Amino acid sequence: AQSVAQPEDQVNVAEGNPLTVKCTYSVSGNPYLFWYVQYPNRGLQFLLKYITGDNLVKGSYGFEAEFNKSQTSFHLKKPSALVSDSALYFCAVRDPGTGRRALTFGSGTRLQVQP
Amino acid sequence: EAGVAQSPRYKIIEKRQSVAFWCNPISGHATLYWYQQILGQGPKLLIQFQNNGVVDDSQLPKDRFSAERLKGVDSTLKIQPAKLEDSAVYLCASSLRGGRSTYNEQFFGPGTRLTVL
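These protein sequence lines are chains A and B, in that order.
Just so you know, we're using our numbering here: the first sequence kicks off at 17 and counts up by one.
Just so you know, we're using our numbering here: the second sequence kicks off at 1237 and counts up by one.
FYI, nobody ran anything at the bench for these hints, they're computed from the structure.
Here the structure is a predicted model, which is why all the values come from computation and not from measurement.
Treat each hint with caution, since some may be false.
Covered stretches of chain A (in silico footprint by chain B; criterion: 3 or more residues with CB under 8 Å from a CB of chain B, positions within the stretch not fixed) [unchecked claim]:
{"#": "1", "stretch": "29-38"}
{"#": "2", "stretch": "71-84"}
{"#": "3", "stretch": "92-99"}
DSS-like mimics (lysine-lysine), calculated; alpha carbons at most 27 Å apart, straight line [claimed, not checked]:
{"#": "4", "chain 1": "A", "residue 1": "K65", "chain 2": "B", "residue 2": "K1247"}
{"#": "5", "chain 1": "B", "residue 1": "K1319", "chain 2": "B", "residue 2": "K1251"}
{"#": "6", "chain 1": "A", "residue 1": "K38", "chain 2": "A", "residue 2": "K93"}
{"#": "7", "chain 1": "A", "residue 1": "K74", "chain 2": "B", "residue 2": "K1319"}
{"#": "8", "chain 1": "B", "residue 1": "K1247", "chain 2": "B", "residue 2": "K1280"}
{"#": "9", "chain 1": "A", "residue 1": "K38", "chain 2": "B", "residue 2": "K1319"}
{"#": "10", "chain 1": "B", "residue 1": "K1314", "chain 2": "B", "residue 2": "K1247"}
{"#": "11", "chain 1": "B", "residue 1": "K1298", "chain 2": "B", "residue 2": "K1319"}
{"#": "12", "chain 1": "A", "residue 1": "K38", "chain 2": "A", "residue 2": "K85"}
{"#": "13", "chain 1": "A", "residue 1": "K93", "chain 2": "B", "residue 2": "K1280"}
{"#": "14", "chain 1": "B", "residue 1": "K1307", "chain 2": "B", "residue 2": "K1251"}
{"#": "15", "chain 1": "B", "residue 1": "K1319", "chain 2": "B", "residue 2": "K1247"}
{"#": "16", "chain 1": "B", "residue 1": "K1298", "chain 2": "A", "residue 2": "K85"}
{"#": "17", "chain 1": "A", "residue 1": "K38", "chain 2": "A", "residue 2": "K74"}
{"#": "18", "chain 1": "B", "residue 1": "K1307", "chain 2": "B", "residue 2": "K1247"}
A virtual CB, placed ideally from N, CA and C, is assigned to each residue, including glycine.
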């Protein structure tokens, strides 16, 4: 069965500093990995995905994530945080080797960027 | 391009009552998903449709939950009767049709927040 772990409930960072939101996964085959962001009273918004190829993927709003197969991780990063980045972030995985096409989400990490 | 539409946005009911949620996906999206997001948790898939057929309903509590997508466009999710633990946000998402080894991005609606008293 596929699963995702987000070990931090909340991450606090000062505006202008780099940020990292951690994610580790477990699948039987090669994973498809995703990051979504959720703002209050709004639906999930897609940030970026890793399907295959370059381990460093770039997404929306200056975010990027690095796929590390040996550590089974897919951490979300941004070089310089903005107050407007404050939101709830979800990592998700799909195992294309199974017949299941839907995503399995982590429990989420709340990012708080202080001015 | 219009996004995924859901209604109502909020619903408060008492336990043992029935409730229905509606979702209209992005035009042309063959795949539709219903997720349940309990406070403090990530979304959990309830059911996935490809056109008007069910692809995955393995995590749908079928004794009380039902869903349909009769014409392959909009969809309804029903709970009958509701329990306290059904309090959650119900998210609808849609995507273009994808194969087993391809991925099309899922677009999410704003969700329906259900409170069961």
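Hint by hint, here is what the structure shows:
Counting residues of the stretch 29-38 of chain A whose CB falls under 8 Å from any CB of chain B gives 0; the rule of at least 3 is not met. For the stretch 71-84 of chain A, the proposed coverage by chain B is not satisfied: 0 residues have a C-beta within less than 8 Å of a C-beta in that chain, short of the threshold of three. With 0 residues carrying a beta carbon less than 8 Å from a beta carbon of chain B, the stretch 92-99 of chain A misses the three-residue requirement, and the given coverage is violated. Taking the CA atoms of K65 of chain A and K1247 of chain B, the gap is near 33 Å; set against the 27 Å cutoff, the hint is violated.
Distance restraint check for K1319 of chain B and K1251 of chain B: the Cα-Cα separation of roughly 5 Å lies within the 27 Å cut-off, and the hinted pair is therefore satisfied. Taking the CA atoms of K38 of chain A and K93 of chain A, the gap is near 9 Å; set against the 27 Å cutoff, the hint holds. A threshold of 27 Å between alpha carbons decides the hint, and for K74 of chain A with K1319 of chain B the separation of about 42 Å lies outside it, so the pair is violated. Among the hinted pairs, K1247 of chain B with K1280 of chain B is consistent with the structure: their alpha-carbon atoms are about 20 Å apart, no more than 27 Å.
Under the criterion of a C-alpha separation no larger than 27 Å, the hint pairing K38 of chain A with K1319 of chain B is inconsistent with the structure, at around 34 Å. The suggested pairing of K1314 of chain B with K1247 of chain B holds, with an alpha-carbon distance near 13 Å, which does not exceed 27 Å. Of the pairs offered as hints, the one joining K1298 of chain B and K1319 of chain B holds, with about 14 Å between alpha carbons and a cut-off of 27 Å not exceeded. Taking the CA atoms of K38 of chain A and K85 of chain A, the gap is about 14 Å. The hint holds against a cut of 27 Å.
Note on K93 of chain A and K1280 of chain B: the hinted pairing holds, with a Cα-Cα distance of about 25 Å set against a maximum of 27 Å. Proximity of K1307 of chain B to K1251 of chain B is assessed by CA-CA distance (about 31 Å); at most 27 Å being required, the pair is judged violated. Taking the CA atoms of K1319 of chain B and K1247 of chain B, the gap is near 14 Å; set against the 27 Å cutoff, the hint holds. For the suggested pair K1298 of chain B and K85 of chain A, the alpha carbons sit about 37 Å apart, so the restraint of at most 27 Å is broken.
A distance of roughly 16 Å separates the Cα atoms of K38 of chain A and K74 of chain A; the hinted pair therefore holds under the 27 Å criterion. At roughly 26 Å between alpha-carbon atoms, K1307 of chain B and K1247 of chain B fall within 27 Å of each other, so this suggested pair holds.
Violation of the numbered hints given earlier is confined to hints 1, 2, 3, 4, 7, 9, 14 and 16; the remaining hints are satisfied by the structure.
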